[in-house]
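Enquirer: Sequence:
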Amino acid sequence: MKITSLPQTVRSAIEAAQSKQAAGIVVLDLGGLGAFTDYFMICTAFSTPQLQAVCHGVEEALEKLGRSPEHREGGYSSDWALLDYGGFVVHVFSEQGRKFYDLERLWRSAKRLEIPDEPVGTFRGTTSEGLHP
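Residue numbering for the sequence shown follows the working numbering, beginning at 148 and increasing consecutively.
Careful, some of the hints might be misleading.
Simulated pairs of lysine-lysine, DSSO-like, Cα-Cα distance not exceeding 27 Å [said to hold, decoys possible]:
1) 258 - 149
2) 246 - 167
3) 258 - 167
4) 149 - 246
5) 211 - 149
Rather than coming from a laboratory, the hints here were simulated on the basis of the structure.
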């Protein structure tokens with residue numbers, strides 16, 4: 148999976164999370180796995196204010212594309228928040244929450260794209276196949 152093959156909404160969510168210094172950004176391609184959505188974007192925030200900032204940043208970026216979440220979960224708590232956009236779901240975790248829920252293990256059969264923590268002027272994600280421009 149290449150970053151350029153992702154829908155614009157997912158790429159915009161990634162850029163917004165990076166702009167708020169979210170770490171460990173991963174996209175899981177759930178297509179063909181019988182999931183209720185096509186993609187998960189998972190990332191880590193290191194404080195409650197940062198978790199809230201990441202969520203607000205994603206929402207603002209996607210509002211510019213005419214999208215708003217169909218559902219929110221977690222109330223921007225200190226451990227986890229979810230923004231459901233139908234075709235993809237954004238999960239923002241604290242370090243502890245990410246370890247506890249371990250979505251990457253639960254969905255380990257999904258294709259995985261790791262996104263660099265720095266801003267995405269030049270998208271270069273790591274997959275099991277290596278680096279892709």
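Enquirer: Evaluate each hint against the coordinates.
Expert: For each hint, the structure was consulted:
The suggested pairing of residue 258 with residue 149 holds, with an alpha-carbon distance near 10 Å, which does not exceed 27 Å. Simply put, residue 246 and residue 167 have alpha-carbon atoms about 21 Å apart, close enough for the 27 Å limit, and the pair holds. Of the pairs offered as hints, the one joining residue 258 and residue 167 holds, with about 25 Å between alpha carbons and a cut-off of 27 Å not exceeded. Simply put, residue 149 and residue 246 have alpha-carbon atoms about 26 Å apart, close enough for the 27 Å limit, and the pair holds.
Restraint check for residue 211 and residue 149: the C-alpha separation of about 24 Å stays at or below 27 Å, so the hint holds.
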